[in-house]
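Going down the list, the protein sequences come from chains A and B. The first sequence begins at 1 in the numbering used here and counts up by one. The second sequence begins at 1 in the numbering used here and counts up by one.
By construction, these hints were calculated from the structure, which means they are not laboratory data. Do not take every clue at face value.
To be verified - Okay, the calculated beta carbon distance ranges per label pair: (1) A:E20 / B:S42: 37 to 45 Å; (2) A:K46 / B:R58: 42 to 50 Å; (3) A:T192 / B:G226: 50 to 58 Å; (4) B:T192 / A:H21: 42 to 50 Å; (5) B:V191 / A:S74: 19 to 27 Å; (6) B:A188 / A:K46: 48 to 56 Å; (7) B:V191 / A:P235: 43 to 51 Å; (8) A:K217 / B:A131: 51 to 59 Å; (9) A:F18 / B:R211: 51 to 59 Å; (10) A:N158 / B:S170: 24 to 32 Å; (11) A:P111 / B:T192: 45 to 53 Å; (12) B:G54 / A:P45: 37 to 45 Å; (13) A:K99 / B:S170: 16 to 24 Å.
Claimed, not checked - Straight-line distance between alpha carbons at most 20 Å, and here's what the computed SDA-like set of lysine to any residue pairs gives: (14) B:K145 / A:I154; (15) B:K145 / A:L52; (16) B:K34 / A:M134; (17) A:K145 / B:C146; (18) A:K99 / B:L23; (19) B:K99 / A:L23; (20) A:K145 / B:L52; (21) B:K145 / A:S159; (22) A:K34 / B:M134; (23) B:K99 / A:F24; (24) A:K69 / B:L156; (25) A:K78 / B:S159; (26) A:K78 / B:V160; (27) B:K145 / A:S98; (28) A:K145 / B:K69; (29) B:K69 / A:R152; (30) A:K99 / B:K99; (31) A:K145 / B:K145; (32) B:K145 / A:L123; (33) A:K78 / B:Q239; (34) B:K78 / A:S159; (35) A:K78 / B:K34.
Here a beta-carbon is modelled for each residue, glycine too, at the ideal position from N, C-alpha and C.
Below, each chain spelled out in residue letters.
Number of protein chains: 2
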Amino acid sequence: MPTAYNFHIIQDCLKCTFREHRLFCDLPREALSKLQSIKATSVYPKGTLLCLEGQAARGVYILCTGRAKLSTTSSEGKSIILRIAEAGEVLGLTATMSKTPYEATVETLEPSQANFISHLEFLRFLEEYPAVSMKVAQQLTHNCKCAYNEIRSIGLSNSVPERIAKLLLSWAEHPLDLPGKKKSQEIAIRVTLTQGEIAQFAGTSRETVSRVLSEFKKKGWLRIKGATWVVLNKPALEQLVTT
Amino acid sequence: MPTAYNFHIIQDCLKCTFREHRLFCDLPREALSKLQSIKATSVYPKGTLLCLEGQAARGVYILCTGRAKLSTTSSEGKSIILRIAEAGEVLGLTATMSKTPYEATVETLEPSQANFISHLEFLRFLEEYPAVSMKVAQQLTHNCKCAYNEIRSIGLSNSVPERIAKLLLSWAEHPLDLPGKKKSQEIAIRVTLTQGEIAQFAGTSRETVSRVLSEFKKKGWLRIKGATWVVLNKPALEQLVTT
DNA sequence: ATGTGGCTGTGACGGGCATCACACCGTGCG
DNA sequence: CGCACGGTGTGATGCCCGTCACAGCCACAT
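Produce the entire structure from the sequences given, and follow the hints as far as they go.
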């Protein structure tokens, strides 16, 4: 059902074709029906703040399409990206489960569709369907693993170039298929984050990211044209990473 | 039931008096009986490695008494402490849930009792008793929150003194009650970690920790005698912390 | 006593990176 | 068009803190 905005909206969870590839959504039939009845679907433009760090948790968002950036900010305004959430993830879960304020600010990186479920209804939903709490556990497990990776990335690496190389390599695991591309070592990826955001991800400053990327380009390891970046020398980047 | 080692062993989960104050253990009667039948209790000396990072997850440990240190290590040998787990927590959960290798190395910090439950039996236990998966979700939530705190601590603070002050303050939330102590601003805490371990916790080097603590002592903010430390000027430490 | 091993204190040194500052470039908008 | 604005590139500067080196201390075993 493409809309005027050329955006496909998934109205009915039961008919959602992506379901089985998603972290959370692949639930038994009855649970899905219930979910369908308690969810509120909306489409949000890029840059929407779904959750605000520190605010009381109103409920969770299930991201149907799009991606979102989870970040946390210090009182001085310095902020760091916790992770990028993909479609099919539940956001605001930690806060909703423990009835505490949102841990992170969630901002959509693309036009996104999400199902909102209020705090109370979600907890009831959870208790009613054991399969749902299993899924919740899996989502939380995923969150933990991402967080541990981030800790390793920031805490164990020796230098900023290493951390940036690591980021590039992790992105390179989901490469872009360029149509007329001959077989080669080249890995094309789409990077929509700004250098400032990459800096937040790597726990460094914007300028340093710029310098490091220049360095990579100068060494012939990387080519950047707009939002499509091409990793030219994966082994070299890998050698930089010790973790 | 004090043993020859003057160590109280909890044989029967159903009779455990600590249960209701614990993160995981407060389960319904039937689940507890089942737990009782599938667990294997052991007592481990200080310094035992319960889980090894990177090894296939054999199952989970429920920590009955004692505390344990969760850490992760880079290939270069640099390592960082993820968190300190308290009695009542389930360890090895992330790995067991996602059937992946252990994320962290778990080392007992004190003589500790723990219940081991094998991988398969735990997952079956989980599916059988919905209340258990709720508890698992709560444990995972706790893990996430700790991880996020660690990320904030390492990624957002501007200096090592700030991070160490933060650690001290977090420990000061569970003060020691000194018997003959008059009312005062002084907060006594028990610190069993070495400076090297504190360094791992704060993502810095042992020497820097030593220097920072010296500094705090010189300024009259802190007094250290063996394993009992006394925070003399909490506000000063708080002022150092911006996160 | 003597050795050994783990923990702690302190000095010296130097490099990596945060910070400030400013120029450049494309895009959108009045 | 001219302007503002967000993103990017790059130089200069300085300092925090990691690293190396070594000494002192304590507990414990021989």
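Evaluated hints:
no., hint, verdict
1, A:E20 / B:S42: 37 to 45 Å, "41 Å, holds"
2, A:K46 / B:R58: 42 to 50 Å, "45 Å, holds"
3, A:T192 / B:G226: 50 to 58 Å, "54 Å, holds"
4, B:T192 / A:H21: 42 to 50 Å, "47 Å, holds"
5, B:V191 / A:S74: 19 to 27 Å, "26 Å, holds"
6, B:A188 / A:K46: 48 to 56 Å, "52 Å, holds"
7, B:V191 / A:P235: 43 to 51 Å, "45 Å, holds"
8, A:K217 / B:A131: 51 to 59 Å, "55 Å, holds"
9, A:F18 / B:R211: 51 to 59 Å, "54 Å, holds"
10, A:N158 / B:S170: 24 to 32 Å, "27 Å, holds"
11, A:P111 / B:T192: 45 to 53 Å, "52 Å, holds"
12, B:G54 / A:P45: 37 to 45 Å, "42 Å, holds"
13, A:K99 / B:S170: 16 to 24 Å, "21 Å, holds"
14, B:K145 / A:I154, "17 Å, holds"
15, B:K145 / A:L52, "16 Å, holds"
16, B:K34 / A:M134, "19 Å, holds"
17, A:K145 / B:C146, "12 Å, holds"
18, A:K99 / B:L23, "15 Å, holds"
19, B:K99 / A:L23, "15 Å, holds"
20, A:K145 / B:L52, "16 Å, holds"
21, B:K145 / A:S159, "26 Å, violated"
22, A:K34 / B:M134, "19 Å, holds"
23, B:K99 / A:F24, "17 Å, holds"
24, A:K69 / B:L156, "17 Å, holds"
25, A:K78 / B:S159, "13 Å, holds"
26, A:K78 / B:V160, "16 Å, holds"
27, B:K145 / A:S98, "10 Å, holds"
28, A:K145 / B:K69, "17 Å, holds"
29, B:K69 / A:R152, "16 Å, holds"
30, A:K99 / B:K99, "28 Å, violated"
31, A:K145 / B:K145, "12 Å, holds"
32, B:K145 / A:L123, "19 Å, holds"
33, A:K78 / B:Q239, "17 Å, holds"
34, B:K78 / A:S159, "13 Å, holds"
35, A:K78 / B:K34, "48 Å, violated"
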